[in-house]
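Undergrad: Residue strings, one per chain:
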Amino acid sequence: MTTYYSEEHEWITVEGDTGTVGITDYAQNALGDIVFVEVPEVGSNYDKGDEIAVVESVKAASEIYALVGGEVSAVNNALEDEPALVNAQAETDGWFYKVTLSDASELEELMDADGYKAFTAGLE
Amino acid sequence: MLNKQGRQTDIVNLTELSQDSFTTHSGNKGLEQGELLIYEIGDTERTGVDLEEVGEFKDRLGGLTRGHEIGLAGLSEPEAMRHYTRLSRMNYAIDMGLYPLGSCTMKHNPRVNEKVARLPGLGDIHPLQPLSTVQGALEVMDRLAHWLKTLTGMPAIAMSPKAGAHGELCGLMAIRAALDKRGENRSIVLAPESAHGTNPATASLCGYKVKSIPATEDGHVDLAALKDALGPDVAAIMLTNPNTCGLFERDVIEIAEAIHDIGGYFYCDGANFNAIVGKVRPGDLGVDAMHINLHKTFSTPHGGGGPGAGPVVLSEALAPFAPVPYVVHGKDGFSLVEHLEEGSDSFGRMTAFHGQMGMNIRALAFMMSHGSDGLARVAEDSVLNANYVMASLSDVMTASFDGPCMHECLFDDRFLNGSGIATLDFAKAMIDEGYHPMTMYFPLVVHGAMLIEPTESESKQSLDQFIGSLRHLVAEAKAGNKELFSGAPYLAPLRRLDETLAARKPVLRWIKPEGNGENE
Amino acid sequence: MRYLPLSHDDRSQMLDKIGVSHIDDLFRDVPKSALLKKPVDLPSHMSEMQVDRNFRHMAEKNIPAGSHPFFCGAGAYRHYVPSTVDYMIQRGEFLTAYTPYQPEISQGTLQALFEFQTQVAQITGMEVANASMYDGSTACGEAVLMARRATRKKKSILSGTLHPQYIEVVKTATKYTDDIAVVNAIDTYSVDTLIDQIDDDTNCVVVQYPDFFGNLQDYSKLADALHAKKALLVVVVTEIVSLGAVRSPGSMGADIVVGEGQSIGNGLSFGGPYVGLFATRQKLVRTMPGRVCGETVDGDGKRGYVLTLSTREQHIRREKATSNICTNAGLCTLAFTIHMTLLGEKGFRHLARLNHSKAVKLADKLSTLDGVEVLNDSFFNEFTVSLPIDATEAIENMTAKQILGGVPLSRLYPNDASLKNQMLVAVTETVTEEDMDRLVSELKELINA
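Chains as they are written, first to last, in my numbering: chain D, 107 to 230; chain V, 40 to 559; chain C, 724 to 1172.
The hints are simulated quantities; they were obtained by calculation from the structure and are not laboratory data. Fair warning: there could be bad hints in the mix.
Unchecked claim - Between beta-carbon pairs, the in silico distance windows are: (1) C:Met772 / V:Gly136: 27 to 33 Å; (2) V:Thr189 / C:Ser806: 35 to 41 Å; (3) D:Lys154 / V:Ala263: 31 to 37 Å; (4) V:Gly136 / D:Lys154: 54 to 60 Å; (5) C:Ser806 / D:Ser150: 55 to 61 Å; (6) C:Val905 / V:Val546: 35 to 41 Å; (7) V:Asp300 / C:Thr900: 26 to 32 Å; (8) D:Glu169 / V:Ala263: 28 to 34 Å; (9) V:Leu70 / D:Gly138: 34 to 40 Å; (10) V:Asp371 / D:Glu157: 56 to 62 Å.
Only a predicted model underlies this, so the values are computations on that prediction, with no experimental measurement involved. Just so it is clear, CB atoms sit at the ideal spot from N, CA and C, and this is done for glycine as well.
Chain D on its own, in the form it takes in the complex:
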């Protein structure tokens, strides 16, 4: 089980050919109180870079782009009733969706935990 990070502040934890995706704690902190998450439909297919979800605060909406291509196998329905989960536990219970990877090599362009930490430190 490995977790990768993107410069758009998303994370993906991969187990076998399934990845679980969410936004990072850094991102939720920057966005402020999250009021709504629009998750993709289970069974839909996306290419890397496609707009796949939207996360909203009171005064802003941010698009989330697919980190990797594949088919959406599950979504976090708990977010519908409790979007605050993303603020509370961005990198665990606040996950957005699970995807069956179509090409694991797409993960190679992402950062590991240390790389992301250094990346965000550079943003301060």
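On the provided structure of chain D, position chains V and C as indicated by the hints.
TA: Just chains V and C, lined up with the frame of chain D:
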């Protein structure tokens, strides 16, 4: 005989209670009265109207009679009067004070406009009455069209758009129709990054992608960047002039020529027309289409969010593509073209009937009251007032750009640096001073924007008071009196509202407490 | 100038403070060639009395609806609006307030909007409603665009008995998007024929209720067929008073209900401003256009209202917004709400029943005339009448006799010769029995002439 009856007239300090700490049984505080929802006051049995009795008859509703209770709460007339009067007193309004919302042109709304709009011959006429019975109404539309065309120096006008954004849609559709007619399939509309949100939203309804043009250091459109972005795929540029930083785009003629050179069109967002009405004709600047917010420049009341009206003036090139309906001069007086004629280039119809007649009447009354001389003065005084505010505050607040400004002046939050006070806090503290805040966080081109538009309706005395309040707040902010801001407003009917809660768990209607008395 | 408070002295003092000598120095960014040297060629300013007189002259050239027997409808209806309504909406605190973006000092507007949304949801039988659109026709255009967003499918099917101008507005709204609006012929409106047209690309079917010609249909079966294809039922109501008498669209399974709310609280005003009603299901609320007001609490825990779900709107979402609408029907919604509050459940139902009873009475009276036929099986307060003579001419002739007798169908369908003898007749509570008798006798005379 000394009469010692009668009430006591000397003021004595009866208690040590302050207004703030005073609690009452009702929750009201003198004239400050709370008010429940109609559903909590009234019920389904009560009514405030008397209607004639209905005798027995056989209905012809096709078996679709509504059975179950709808759940509508009724109030008797005195209760309704009191309810809405109490609610009204929780609003700020132009009638109460300066309303410095930048880009909104909150000017005085003359009451003669309300009066004439309610004349039975103008207010109580049906849109589909025979045209012979509404000649006066068509005359109002025709006269208003003439005034607007003359003031803008444009040859044609579409009168039906219902508000500014609807006017934008009208203008952009005319542009798209003109390009389609030329057989050109262009896909991009350029808009400055400081544009109103309606611009990109409208462009996308016309199938265009928006490309953002940056601003220069001094708050104008970056002409070089604009020229770089021009190409055969550009359909139009949407430009607000004066722009949302409160500045006149001094390169506007060059911009118009550049867009025309590549075969595109110049859409001007006329939201800020108040600054130049009677002084500059957009037609002389190369504009192809421009909407005019009658509820801004021409004083029709904002009414808590509407209604507005957004007629669109058009250049010769775009005139053939204007929507129906429009007024024409026929042999028996005025006539109305309501249908697309064979071979017409018109892009279609934007709304049922003929547009915002009620707003047209009010706007025309405003124009006739001012005349051509008074309208130029409107522009001059609105610009003078804004520059006076800017000149009187620039030493303590940070103006984003050098003046002169047009009818609004833009500040940013640099003067609050290090105070721990944000633009929002500063604005909310203005409420305690008795003012509606200025436009905040717009335009997006400066940090923590504060856009102040005083309009021509303000006297010098009123401006001086406003300036005094702002200078006082700046001094308090600089003195570190953070509480005055972070908790503001203290003196409004309500404290700051929890917008996160509202958005997370939307409650958009009243629901009967013991389960939803849902209608059939 | 009565509206401009600055004096000559004020102006010079202010110019001094600014540090310029002449007002035109402030216009220095305007290209010299474009700054006007003299006033534009329009009349000069007028006193209030002169303005008043000018408008009276223009008003006198029109025949007001209230001065004669009046039977026009077709999407705009003359109802009696209680005096309280017009008094209240002219209170400066309502009339001269902006959009309630500062909720702490806009609770009056906001609470009234919350009441409005509740009333609209209740009347239409839906779960939620927005804070209004411009009018019924533009709301209809928005409903079609919303159905596209909600279903991600392209095709919208419009019933042939949808108001013809609403059809035109939908065609315009979808003209430059990649949506497809399928417009049916005037005789294609029955539930079964509409069901036959639904396919996998269909995002919605739009029907009117009562339809443009006044007929009532149960759309439940249509809703079921649409839902089976993951498509939406859009129901348009142009005479909102009807919903005090007939089943709500929500009860038939509608997913979006749009309406013209002018009948309640708002005058005819030659076609605008009116008030667009827009109601839908809770689960679709994030694809809904327009502003919406929601309940919350303030810092002290007191209940209050704010504009919410703004991330759908143009000022935040820009090109991805659900609509470009900003200004809406504001004050007209307030008029609607106050009138509806005065009516209440009891008054609203009574009003609807009164309208219907009068319409039935006039339909019966007209049916007694030779060659005159009421074409409806069912109706609420408006029906279609077939005459043995040209309807436009008949109405024009009646005008000379001080009767505004209805709307000839040729006004809306100028190219359909088969409709030239037909007219729409609307009967509201404002029509008296004497008015009806005058219409009947006048028509009789015209037919026999």
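Undergrad: Could you tell me whether the CB distance from V:Leu70 to D:Gly138 stays inside 34 to 40 Å?
TA: holds (37 Å)
Undergrad: Kindly confirm whether 26 to 32 Å is satisfied by the beta carbon distance between V:Asp300 and C:Thr900.
TA: holds (29 Å)
Undergrad: Would you say the C-beta atoms of D:Lys154 and V:Ala263 sit inside 31 to 37 Å of each other?
TA: Since the Cβ atoms of D:Lys154 and V:Ala263 sit about 35 Å apart, the hinted range of 31 to 37 Å holds.
Undergrad: Kindly confirm whether 56 to 62 Å is satisfied by the beta carbon distance between V:Asp371 and D:Glu157.
TA: Holds, at about 58 Å.
Undergrad: Determine whether the Cβ-Cβ distance between D:Glu169 and V:Ala263 falls within the hinted range of 28 to 34 Å.
TA: Roughly 30 Å apart at Cβ, these two residues keep to the hinted range, so it holds.
Undergrad: So the hint says 54 to 60 Å: do the beta-carbon atoms of V:Gly136 and D:Lys154 match that?
TA: Once the Cβ atoms are compared, 55 Å apart, the range 54 to 60 Å for D:Lys154 and V:Gly136 holds.
Undergrad: Is 35 to 41 Å respected by the C-beta to C-beta distance linking V:Thr189 and C:Ser806?
TA: Once the Cβ atoms are compared, 39 Å apart, the range 35 to 41 Å for C:Ser806 and V:Thr189 holds.
Undergrad: Kindly confirm whether 27 to 33 Å is satisfied by the beta carbon distance between C:Met772 and V:Gly136.
TA: For V:Gly136 against C:Met772, whose Cβ atoms are near 29 Å apart, the range 27 to 33 Å holds.
Undergrad: Do the Cβ positions of C:Ser806 and D:Ser150 conform to the proposed distance bound of 55 to 61 Å?
TA: holds (57 Å)
Undergrad: Honestly, do C:Val905 and V:Val546 meet the 35 to 41 Å range at C-beta?
TA: Given about 37 Å between the Cβ atoms, the range holds.
In terms of the numbered hints stated before, the structure departs from none.
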